[in-house]
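Chemist: In order, the protein sequence lines correspond to chains A and B. Here the first sequence stands for residues 1 to 515, numbered as in my numbering. Here the second sequence stands for residues 1 to 515, numbered as in my numbering.
These aren't lab readings, by the way, just hints derived from the structure by calculation. Incorrect hints may have been included.
Identical copies carry no separate label here, and so any pair may be met within one copy or between two of them.
[Said to hold, decoys possible] Computed list of lysine to aspartate or glutamate pairs in DMTMM-like fashion (alpha-carbon distance at most 20 Å, straight line):
1) 116 to 27
2) 136 to 219
3) 482 to 301
4) 116 to 24
Protein chains: 2
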Amino acid sequence: MNDGPRPTTATPEAEPDVATELAELDELERRLYSLGYGMTQISFAGETSDPPASAPGRAEALATLDEMAHGLLCSEETGRLLERLSSKATELDATHAAEVRVLSRDRRREANVPAKEAAALTRLTSEAEDVWRRAKRADDWASFEPYLDRLVEMRGRLAGYVDDSRDPYDVLLDEYEPGSSRELYDAFFEQTKACVVPLLADVRHAGQVSRACVEGTFDAERQLELGRDVVEAEGLDMDGLTIAETEHPFSDCTSSRHTFIATHVYPDDIMSNVFSMLHEGGHVLYMAGVDPAYDYTCLRDGTSSGMHEAQSRFFENVVGRSEAFTPVLLGLLRRRFPERFADVSPTELWLAANRVEPSLVRTEADELTYPLHIIVRYEIEELLFSGEAKAADVPGLWADRMGSYLGVEVPNDSLGALQDTHWSCGDFGYFPTYALGGAYGAQLLDAMVGSGVDFEGALAAGDLAPIRGWLRENVWRFGRSKDPAQIISDACGAPFDASHYTRYLQRRFTRVYGL
Amino acid sequence: MNDGPRPTTATPEAEPDVATELAELDELERRLYSLGYGMTQISFAGETSDPPASAPGRAEALATLDEMAHGLLCSEETGRLLERLSSKATELDATHAAEVRVLSRDRRREANVPAKEAAALTRLTSEAEDVWRRAKRADDWASFEPYLDRLVEMRGRLAGYVDDSRDPYDVLLDEYEPGSSRELYDAFFEQTKACVVPLLADVRHAGQVSRACVEGTFDAERQLELGRDVVEAEGLDMDGLTIAETEHPFSDCTSSRHTFIATHVYPDDIMSNVFSMLHEGGHVLYMAGVDPAYDYTCLRDGTSSGMHEAQSRFFENVVGRSEAFTPVLLGLLRRRFPERFADVSPTELWLAANRVEPSLVRTEADELTYPLHIIVRYEIEELLFSGEAKAADVPGLWADRMGSYLGVEVPNDSLGALQDTHWSCGDFGYFPTYALGGAYGAQLLDAMVGSGVDFEGALAAGDLAPIRGWLRENVWRFGRSKDPAQIISDACGAPFDASHYTRYLQRRFTRVYGL
């Protein structure tokens, strides 16, 4: 099946002119955008509103649309078009040049993997996800173990198709965070451990802060209204935002003008929804802040997983858990739950929001211990891909590291190495971007303040416009047209430097715990 | 751009075998299904939950996906495939044979119209819809008038591409209701007028029945819950159903296992939502009743607009407004609004639900006057397409006919010829299917009862399973694999006959008004 009538293209002998080729590129982009729009909307409905019986039909449609998008990107015709346009990069406007560069990289990643191998991976992850789900429920590491070994083997082998000159784990790291590598993460995580492990010991010796002021149950409907208030105060364009409920919060977009947040409300944990909305709101600010000229192209959306997490964690933690912004949040809480927050002081709320508590589960971790959870996963992934460890070793490695970094004892694998879905999806190399995002954020904060933005003043006034303005100007608007390393060095005047992050953590938790 | 790597196909010289061709057909169907799934989901979100700023991006995606589906269906490759398979129809299983027949017809309708002409129509209707919307608001016929003339001219001309041996209006009628024509509708509507006009006169001379028992305001949230109760009692599979709110109620599906209803709740009109849910529920029963073997193919969904309306009106009117089912509805109303319906009797509710009141607006019409609204539109469309009338004549024709058929005076065009969106979309020939559906339903009812279904007993018991069972067996399961005329004659043992409808209306309204 081909796609039917289309503008006549020149014969292979005659070289088409740039205008014709750009029209072809625009048409390709429009189709990829539209297939992507369909997949985003279908997935969002699947996660938030679809009835149970719809699952098989939805899976079929998603797989087929994905295959069609893959087919468009990987066709030989697209390959020739991108090659011709790459060779004429100097004749192109900046947007088209960036599109050609980004599409070519996307294509290289997808087209180099033989279709059979890609299909085998899809089958394996689909099976593994199912096995993982049951294994987690039954605390049954043994059933998942062989899948993990096979997934590591297959992902490692497939990485070779993308770039056989590099270590497979480096290829995977680069896939989620262009430009990253073990070298970068090894250094970053050594520095982070050296700061956080002793800082955590100090915190544990200090007196614990209370979270009594946010304990108890809170009406779910009013929590949802509070969530809307929170992202409105954060500065989201409510005219372009869909909000719905789901099991695990996430956000998405189809363009700068249409963004999605799915949240989860726990009646007995009001802070979860508040900070989750601030977090997803940060992602949305990034997606909506991309230059609208990039809408309907591959340049829409953020440049990498790490840079996305930088924005979400910035608004969740750097802004949302700051002392200066706490009175603003307290005002919102009082508006929806006056009977509960009338007598709470800003300081009580601020301390509750920053309480440090080493725990077993990454997604429930506080800002200080969070990177340690990531480091545990990263170090294990490194060992798996270097062949120094097998899946059978993972529970032991997990227990050792959780013990020495966080000081907690792992009672079972459900609360240990089975807690996250990522590995069952074959997403090795993804976890580290979460921690990198936090570190990017701290460096961007220092650059922002250095460039004259009155950060504390904006927080205290509850008007985040100057903060959003700086981030839009230096990060958001570029979408995928700039790689993360370039964004950091242009925005900060220096390459990535983890010391901003360690200093930020020192500052914050020294103050919270009066060290 | 083509769709990238695909199974190797034979060279044009070698004739591929049937198995290869059927695999190609299945692949085509899977892609059309998936693009259709995307469009259904995107449109549903657009009508129910999308934020305002998302409109341009959604329109772009919908237009592109539609173009891709059109391109797939109309490609020369698909044309050749369908021709080869048509010539081997006897070698195919029944499902594939039906798919080839239906896809070939769909393709003929779409592929014969030159792309330029199709695009011009899309542009014109998009503009005309906008003009119509403003014209309706401002009661400004003059601004819409030239668009109506142009739309009639263009739709008539384009009909010639589909079949230049037939009258253009016949081609359009056949598009919405395969097998229909002016000959069929002329006869049907003459018979209907001959029954309804004098019956309506008798009703008007009888004493009016009261609707006091359903008047007043009703909490919107509880009305929504009532709506769920209603379709559950109707027998919908709630595990496959998405319900949401919108401006104008509608229903849709992606397969037999995933259906959608969008409803509208008016606090001051509880009956509107109840009967609208029964109506859309009828559509959903049809869509969900199609043989699951037809899922992911062009045979899913109902066979025609008229047959769809037959199901929706059957459940709204024949079932929903019946004397025997009224106690069931009353039970549902009492469950959600005990304080309002405790003292209402079944007879009071039944009379209120069947009150006849000639009015100006089609969508608010009762069951008896409804076909007259359709006849007014049909007769005007006939005159426009025969050239006997121009758009300038429409308001006069409208006033005349509304006066003589319904006995109402048309005060302005907003409540007259500007009330419906259909013409602005170029949907001429669509209205008559609404009335035809009512008549199909009455004939199906007689066949059902004739075949031994205890219709009244099922209504009284509030268990519609025997009714659904008969309709599933005789209508629903065939999906698009049978044309409407075939369904009627197979189910009823006779061709379409409007006298079932006129007798049904006589019976019902003679009883309601004690004539």
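Chemist: Are the hints correct? Go through all of them and say.
Modeler: Taking the hints in turn, this is what the structure says about them:
1. 116 to 27: between (28 Å within a copy, 17 Å between copies)
2. 136 to 219: Intra 30 Å, inter 44 Å, cutoff 20 Å: neither.
3. 482 to 301: Answer is within: at 12 Å inside a copy they meet the 20 Å cutoff, but 46 Å across does not.
4. 116 to 24: Between copies only: 19 Å across, 29 Å inside.
The structure does not agree with numbered hint 2 stated previously, though it agrees with all others.
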